[in-house]
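> Residue-level listing of the chains:
Number of protein chains: 2
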Amino acid sequence: MSLVGKSLVGSEFGSGSEGEFKAINPASGETLEPAFGLDGKDAINKATSLAAEAFQSFKLTSGAKRAQLLRTIASGLEANVDAIAQRMQEETALPEGRCRGEMGRTCGQLRMFADLVEEGSWLDARVEHADPDRAPLPKPGTRSMLRPLGPVVVFGASNFPLAFSVAGGDTASALAVGCPVIAKAHLAHPGTSELVGRVIQESVATCGMPEGVFSLLFLPGEQLAQELVQSPEVKAVGFTGSRRGGRAIMDVAAARPEPIPVFAEMSSINPVFITRGAVAARCDAIAQGFAGSLTLGSGQFCTNPGLVVIDNADRDAFVAAIDKYLTKMSCTPMLTPAIADHYRQGLEAFASQDGVTVLGSGAGADSPNPITPTVFGVSAEKFLANGALSAEIFGPASLVVFCDGASDFLKVAGAIEGQLTATVQYESGELESFTDLVSQLESKAGRLVFNAFPTGVEVGHAMVHGGPYPSTSDGRSTSVGTQAAFRFCRPVCWQDCPDELLPKELQESNPLGITRLVDGKRVI
Amino acid sequence: MSLVGKSLVGSEFGSGSEGEFKAINPASGETLEPAFGLDGKDAINKATSLAAEAFQSFKLTSGAKRAQLLRTIASGLEANVDAIAQRMQEETALPEGRCRGEMGRTCGQLRMFADLVEEGSWLDARVEHADPDRAPLPKPGTRSMLRPLGPVVVFGASNFPLAFSVAGGDTASALAVGCPVIAKAHLAHPGTSELVGRVIQESVATCGMPEGVFSLLFLPGEQLAQELVQSPEVKAVGFTGSRRGGRAIMDVAAARPEPIPVFAEMSSINPVFITRGAVAARCDAIAQGFAGSLTLGSGQFCTNPGLVVIDNADRDAFVAAIDKYLTKMSCTPMLTPAIADHYRQGLEAFASQDGVTVLGSGAGADSPNPITPTVFGVSAEKFLANGALSAEIFGPASLVVFCDGASDFLKVAGAIEGQLTATVQYESGELESFTDLVSQLESKAGRLVFNAFPTGVEVGHAMVHGGPYPSTSDGRSTSVGTQAAFRFCRPVCWQDCPDELLPKELQESNPLGITRLVDGKRVI
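Sequence order for the protein chains is G and U. Quick note on the working numbering: the first sequence kicks off at 1 and runs consecutively. Quick note on the working numbering: the second sequence kicks off at 1 and runs consecutively.
Quick caveat, the hints were computed from the structure, so don't treat them as lab data. Honestly, I wouldn't trust all of these hints.
Said to hold, decoys possible - No farther apart than 30 Å at their CA atoms in a straight line, the calculated lysine-lysine pairs in the DSSO-like style are these: (1) 65/U - 411/G; (2) 411/U - 46/G; (3) 324/U - 139/G; (4) 411/U - 59/G; (5) 59/G - 521/U; (6) 41/G - 59/G; (7) 328/U - 139/G; (8) 46/U - 382/G; (9) 382/U - 46/G; (10) 41/U - 411/G.
Stated by the list, open to error - What follows is a list of derived Cβ distance ranges for each label pair: (11) 115/U - 328/G: 52 to 62 Å; (12) 522/U - 508/G: 53 to 63 Å; (13) 353/G - 345/U: 35 to 45 Å; (14) 97/U - 496/G: 40 to 50 Å; (15) 64/G - 137/U: 26 to 36 Å; (16) 429/U - 524/G: 30 to 40 Å; (17) 115/U - 129/G: 13 to 23 Å; (18) 64/G - 131/U: 27 to 37 Å; (19) 232/U - 351/G: 24 to 34 Å; (20) 78/G - 137/U: 12 to 22 Å.
For clarity, every value in this text was computed on a predicted model and none was experimentally measured. In this text, a Cβ means the ideal position worked out from N, Cα and C, and glycines have one as well.
Given the sequences, and given the hints that come with them, work out the whole structure.
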């Protein structure tokens, strides 16, 4: 598969009417061939109207049929893994192992959703039988289950060119439940996006689905991205990116004549609270684990530990241990020159804040976009007085907050914004005294981590990768794991509907053999 | 229990600093004693901060404890049913049977949510066991379940002074899941609101809950209602009312520094599609059922059938049958003089539209706010060309759209906005030819009704009372039935958490014996 350098509008290529651009290799600063054509309103209109048309039949496909599509995409990606991983390395400077590992995760997600919708119990099918003899009024028969919302716009992320982009979790979960997808490619990795997009495009054709089930657009600037969100045919949005960008999309979606849900994953500093007992028992191991979590993927993870909370009395021991490991750490180049610039600006902004000191830093990397892992320190008092210190610095930077006892821990936990994760490092037997802390953190985060670090997001049934605003637009959802399927659906009730017109999942004989709630009892 | 005429701010009465007002009996036009004190920012600040404080302990109560609260409220309402029903009649002009019936439904809802949360399986508890030997990386143990969002503001509805107001479905579902409630009373029925609110206030105290679990505010004007929604302590909103009012609340909530979800039920014309076969088989019965559904409760139901779609060829038979039953119908006075005024203005607006004729009307009622049930007619062509004809006239008015064949049915279904319900009246064997119509309607509505009328909303596990915008703010939820509990929650994941710190629902031994998803299998 060689690169064409065009948007994919259903089964066709975009016209590239809005100019062109080339990707940049962040490790070398060199531009990469070929040029990619940018598209505008025409492509948006065509992709969204194809998606709306496709929805009318795609929503009626069986879970098994959509599972086939997802598995065909996964197989197609694996068949092209060498080309995709190579182009991804060139466009992102991420190491080969990471590129191949992310491909494994991406295909795993596709197959996970395939298994989920092929089986069908996730739909929360409910059957309430009629009772014509009920007094004072007869009881109607009602049956409900989840149904797809309609076309979904997916914004590809810079930091996961596969797992959170064109064929990532948002796309996989939307296609799984019966929603066509219009992916907006992240312009930092257009070649990776095109290669993945073409696998999806081919899979749609192979599976006999209407072409509008998938489009991939290269759009210049925010204006056109917002116009895409404003399209009346679009019924939901998935987004992974910055807080500023995510909020802009949220505001556009909320201001539409018909507001639509936006699932934006935006920013998180993922606080790590370390008890006195934990420092006493394993200071060195915690510092090592922290340094590794902080610098993993050059700190470009949404779950990067950007805030550490410890007791003042542990300061010297912890700082010495961090210094020991952090100085050994260097980072590969960041994903784009702009991201590296923002990182350096973030470091400067923190360094200039009242009471903030540099506790340690790693080695600078040898690249056109050198960055240095950095750990700052500040007192709880200064932290609580300065909201600027709660900002995310996207990259391998963290702030250690020194507390005067457990009451400061609680104050810091109460002051932070919504987070994807919150972590407690503790010692067995000690945790009971931190019950209030854990309860406070539960109100702030989507995932509570105990004696581990927040990076590494397990893809499964019980994962929640979504927390209160501003970590995401809406903490009532997750973008990772099977529960992500719920985002692009709504419940529909059929009242006194003839059996033959009901979806199979709701028919009286339960032909698919799924778990249902029948007259209030869960029946497997 | 005699009326005090004050807001309830936690366990205390409001100061009434913003003036006072009296209720009006819509049947007589007379003002009712006593005066009610209006409150402002002070009461808002106090109620919201009490709610936030209460949330810290209320969220940790067991489902059984919250079930006790809900049942105590239900029993308290029943103990005061005579006083509440009498005041409700005076304030609303609704007949006694309706008032008592709505009390039964309200208490039924409270007990339904009590049963739900006492049992606990609704929380979707998920357990994924750790696998330390997994390659290449060990698998962490993850467990997830739903947790409450925080304080919820509930706007009482005019048309259901009990079932969708102070102790209505929004309040019951919020309290059930662990969210404190700040109810904003509808000023059309302040006495009913106070009597119900005081039962809740007393129940909170009886059950040993913190006072901030419930407040009831009388607020003047929209500005203060919006300030209540803007309070940082408020984490979600339930609303039942007009499209204009609901959208204003949605916009305020979306523009907050921390946007919050709004569950607003706003407007719906609940289209009824009647096939040729149905008219041929039972024209008279359908017309009778329609006239009854249209005028029930003076047409003041959110599921009132405001649009009927039939074939041109059935015009004469159907119009004659409607006329036969409609002329017999009269309505009790509407809930408020303002609602009656809006109704009459709506009739005038429709009557002046191009191609609209009056097909029939009922008897005028003898009251200070007389209204006349009215059925208009228009061709599909004119209907499709004029968006104004899709507006809701709140009250006993409906528009019959005459179609040239089944393709017009599809066009009308495609043109309508989001609806709470869509109904098909058909004959057995005939429906197969309407598969496309049913599929189209599924995209437009939350509930599909077959061979019945949309009024009458069954309260149960499979009910969906919520459809695409503008029928509600967010079609992904329901305000009626047990699935309403999902609205005020979000999933939280505990990773590698010590068993004793987990909520009981997630502990390894499953001490509550609830249904859970364990390693991908639903275990009862």
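> Given the hinted pair residue 382/U and residue 46/G, is their Cα-Cα distance within 30 Å?
Judged against 30 Å, a Cα distance of about 29 Å means the pair holds.
> Within 30 Å, alpha carbon to alpha carbon, are residue 59/G and residue 521/U?
Given pair residue 59/G, residue 521/U holds - Cα atoms ~26 Å apart, limit 30 Å.
> Given a hinted range of 27 to 37 Å, is it respected by the beta-carbon distance of residue 64/G and residue 131/U?
holds, 29 Å
> Take a look at whether the Cβ-Cβ distance between residue 115/U and residue 328/G falls inside 52 to 62 Å.
Given a distance of about 59 Å, which is inside 52 to 62 Å, the answer is holds.
> Quick one, are residue 324/U and residue 139/G close enough, alpha carbons at most 30 Å?
holds, 28 Å
> Is the gap between the beta carbons of residue 353/G and residue 345/U within 35 to 45 Å?
violated, 59 Å
> Straight-line Cα separation of residue 328/U and residue 139/G no greater than 30 Å?
Holds. Residue 328/U to residue 139/G sits at ~27 Å (cutoff 30 Å).
> Take the C-alpha atoms of residue 41/G and residue 59/G, compute the straight-line distance between them, and say whether it is at most 30 Å.
Judged against 30 Å, a Cα distance of about 26 Å means the pair holds.
> Is the Cα-Cα distance between residue 411/U and residue 46/G 30 Å or less?
holds, 22 Å
> Against the range 26 to 36 Å, how does the distance between the Cβ atoms of residue 64/G and residue 137/U compare: consistent or not?
holds, 31 Å
> Assess, step by step, whether the Cα of residue 65/U is no farther than 30 Å from the Cα of residue 411/G, and give holds or violated.
holds, 29 Å
> 13 to 23 Å was suggested as the range; check whether the CB atoms of residue 115/U and residue 129/G agree with it.
Hint holds: Cβ distance 18 Å, inside 13 to 23 Å.
The structure fails to meet hints 12, 13, 14 from the earlier list, while all remaining hints are met.
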